[in-house]
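Student: Given next are the chains, with one letter for each unit.
Protein chains: 2
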Amino acid sequence: MSSDPEVGEREASDVHEGRREFLKGALTAGGVAATLGAGAVGVSSVTTADAQPGMVPGARNHYYVPATDKTVHWGYFSKLLKPLVEVSSGDFVTIEVLTHHANDDAERMVKGDPGAESVFYWDKQRKGVDRRGAGPMQPTLFGRGAGEGLGVHICSGPVAVRGAQPGDILEVRIIDLKPRPCANPRYKGKSFGSNAAAWWGFHYKDLITDPKPREVITIYEVDPSGERNWAQGVYNFRWTPQTDPFGVVHKIIDYPGVPVDHKTIQEKHGILKNVRVPIRPHFGVLGLAPAEADMVDSIPPHYVGGNIDDWRIGKGATMYYPVAVPGALLSAGDSHASQGDSELCGTAIECSLTGTFQLVLRKKDTLAGTALAGLDYPLLETQDEWVLHGFSYPKYLTELGAEAQSKIYEKSSVDLAMKDAFRKMRHFLMTTKGLSEDEAISLCSIAVDFGITQVVDGNWGVHAIIKKSLFAGA
Amino acid sequence: MSSDPEVGEREASDVHEGRREFLKGALTAGGVAATLGAGAVGVSSVTTADAQPGMVPGARNHYYVPATDKTVHWGYFSKLLKPLVEVSSGDFVTIEVLTHHANDDAERMVKGDPGAESVFYWDKQRKGVDRRGAGPMQPTLFGRGAGEGLGVHICSGPVAVRGAQPGDILEVRIIDLKPRPCANPRYKGKSFGSNAAAWWGFHYKDLITDPKPREVITIYEVDPSGERNWAQGVYNFRWTPQTDPFGVVHKIIDYPGVPVDHKTIQEKHGILKNVRVPIRPHFGVLGLAPAEADMVDSIPPHYVGGNIDDWRIGKGATMYYPVAVPGALLSAGDSHASQGDSELCGTAIECSLTGTFQLVLRKKDTLAGTALAGLDYPLLETQDEWVLHGFSYPKYLTELGAEAQSKIYEKSSVDLAMKDAFRKMRHFLMTTKGLSEDEAISLCSIAVDFGITQVVDGNWGVHAIIKKSLFAGA
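Here the protein sequences come in this chain order: P and B.
The first sequence: position 200 = 200 (the working numbering), numbered continuously.
When you read off a place in the second sequence, starting at 1, and then add 1000, the result is the number in the working numbering.
Think of the hints as simulated: they come from the structure by calculation, not from any bench.
By construction, the Cβ of each residue, glycine as well, lies at the ideal position given by its N, Cα and C atoms.
Misleading hints may appear alongside valid ones.
Unchecked claim - Capping the alpha-carbon separation at 30 angstroms, the derived lysine-lysine pairs in DSBU-like fashion look like this: (1) B:K1178 <-> P:K467; (2) B:K1082 <-> B:K1395; (3) P:K467 <-> B:K1468; (4) B:K1079 <-> B:K1127; (5) B:K1467 <-> P:K190; (6) B:K1212 <-> P:K419; (7) P:K79 <-> P:K407; (8) P:K205 <-> P:K70; (9) P:K205 <-> B:K1411; (10) B:K1205 <-> P:K468; (11) P:K127 <-> P:K263; (12) B:K1263 <-> B:K1251; (13) B:K1419 <-> P:K433; (14) B:K1433 <-> P:K268; (15) B:K1315 <-> B:K1190; (16) P:K82 <-> P:K70; (17) P:K70 <-> P:K188; (18) P:K467 <-> P:K395; (19) P:K395 <-> P:K363; (20) P:K111 <-> P:K70; (21) P:K468 <-> P:K433; (22) P:K190 <-> B:K1468; (23) B:K1251 <-> P:K467; (24) P:K407 <-> B:K1212; (25) P:K273 <-> B:K1433; (26) P:K263 <-> P:K188; (27) B:K1273 <-> P:K364; (28) P:K212 <-> P:K273; (29) B:K1273 <-> P:K468; (30) P:K468 <-> P:K364; (31) P:K468 <-> B:K1178; (32) P:K468 <-> B:K1407; (33) P:K205 <-> B:K1407; (34) P:K268 <-> B:K1468; (35) P:K82 <-> P:K124; (36) B:K1411 <-> P:K419; (37) B:K1127 <-> B:K1251.
Claimed, not checked - So the derived label-pair ranges between C-beta atoms look like this: (38) B:Q1165 <-> P:K251: 27 to 37 angstroms; (39) B:W1199 <-> P:D384: 27 to 37 angstroms; (40) P:T398 <-> B:P1166: 47 to 57 angstroms.
I would like the entire structure built from these sequences, with the hints used as guidance.
Tutor: Right, dumping it as structure tokens:
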């Protein structure tokens, strides 16, 4: 983060006006969030604290979306979902997100937590949330379970935004973000996450030690108070075939939320001695419902966001998404305590988090001349940077035809995502900064950093970062 | 850079001992470099200023390598080159590096500068430096000129290190690095660089505005005093066919150092208004002579370094290279004022720089248990990070057979470089940090950032960054 508040000050634009509000709003929201209890979808009315000249102090609502078996959709996005709440532009919403890896260690991540217990509930007769994935409810494809695990993330939402229509932009300001404390008295004051080195990881066919191949779960401890800015390894274990309560055997991690029977695995403690992993709490999944299909696998990210898996989508950041369906329909999931660029082994430190967001609707007819004009991909703004997200197939649902949702898993490459990120950055510089193509291409080479967002989500990602300070020299 | 000096302090190792010396040495060398004039290869004896308990204060030499027609090798590495100087482990060397793009604007980057004028000299009868590239001296392949432009960088060196043998590691500490001031009185107090958006760029076949395709040169101004930490665009122009003094017409940028006749191009001024490009002075090319061939094109980077094009190879950084031939034979070239990760359009801000280095020889039998054990690729250390360099083909000269030097231009991908960077990071974590493969792979996913170094150098690059602070919690 820049220590120079002037950098922002000098960027006069519609978006910037909103940004100043964001910083002020963050303070307001923080106070309010603390007064709201979890349990049911809630709403409270707040008044902006310190009005500025020219702004009319007004009432804003603050909604609460807990994570329960009634408020999550597991493994898919859908424009058909009934919104949990409908908010107005400018409103706040606090959303609880559960990691879909909590059952890797239910003692540490589920037990004693009513929300998590309702979501992960699974006995011989029923599951708290039956459908997991966008596949058929009768698991006729692979026999894994309802939804077939074609999509894995526990998504909370959707939240509808009043008046949002295709062509508009939804601005999502991440005001706050906190790890969910462990509810088991045995681990009071701690929080935990799970990292799965799984079959869809970049490393899986390239192991050098035996047994090969193997899947490995590593449990990490995180400080829920936020005092300590690092996570540490607790133990790891190799995945063994797990029989779910319905009797299906999962030889590999092929269905989300399968309870791991710790009598069947070997916990190896004393790992990663003295290693402190810097935390970067963020939402792996944050995005809108797409228009192209009724049921969309939550794994591949694309133009309306979703599973982007960029660790920069954390506290203080703002995301801009093109609205594809009426109401926008925002959902959050796949919360992470930390991740590196590439998410190499298939997952991050998957850790339940609660986030507070302010949602601002940018109507289509107000976008000309702003950084949002013509935006058709998920754009990230931090205090110092613009981050553009490229994908192997930016609009794979239309690009890859009727079988898009399976084809996307066969065709990705970093090279393709790099090309998409380049094209987006060129467009951004030409349209929002008024540069010629020659100027934009020169800056792409000398002032833009291209990084590998992820190589594990079907539709691989490359992000392009440009510092705002480039344009502060007027 | 970390503001916490303790992070370094806690890392007790052989390498770390050297690191403390580096910081001290940097001060010593800075003072000495100022007393040395340019012109001829020079040497001066220096004494370490403030000896520590246990260290014997001793004389160290400081060598000077100017850039002239007698001290550069243009476009290739070769183990057959006679060293300009031979230094001992611990000695300092200041090396002038000229950008091979200086003739894009000779008025600003060559004129009045005796070194640059001797290198770029070219009339109907002779060139100051005839061979440019690893190709044949009689340009029977493409008719471009001697060496055929198969390799483009003006490299200063080589510098031999006394006692260096294959299997050893050469540690290269970058003590200082400064832009070369313009010698033309008309531009007194300024420094300039050139960015070429060229046919080998990632964008070239993907242009959206006419004419297509086109090559564009953008001239940037840089502050030689180092006071101002940004560069600004001066003007740009589209490449037109240029006839060199020998009468060869260069329709595209196919041979380095062709003087651009400014009567044939249109300078477009007033570009990139108010845009300030953050500077990141560094050496695009820094590396050792490889063993596998006598003449090696300077463009593809590989295990002994060379044209890595990572902007982090700047002041305060340390590079470690595996020695491939007796004497190590270090050369520097391709100096850059700034570059982004990917170097998208084919070049950076190509700008002549002068660097001061300390060279430390790490003998093979002293490496066990250090970060350098088994190192077979170029490794970068900064105050806060380890940066490992992966390539599509890490040892392409042996991997791709007899035609390796041409094949490498057809086969690269970011995906391959990503795989190599992953394997290297896994090896680094397992050998130097003593982690199991499972621990290493988990960290690769949650704590390592993979970025795209470059997609324009034949052998594409991905770098993997891990923070040292992970291991500071003992």
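Student: Name the hints, by number, that the structure is in violation of.
Tutor: 8, 13, 23, 24, 32, 38
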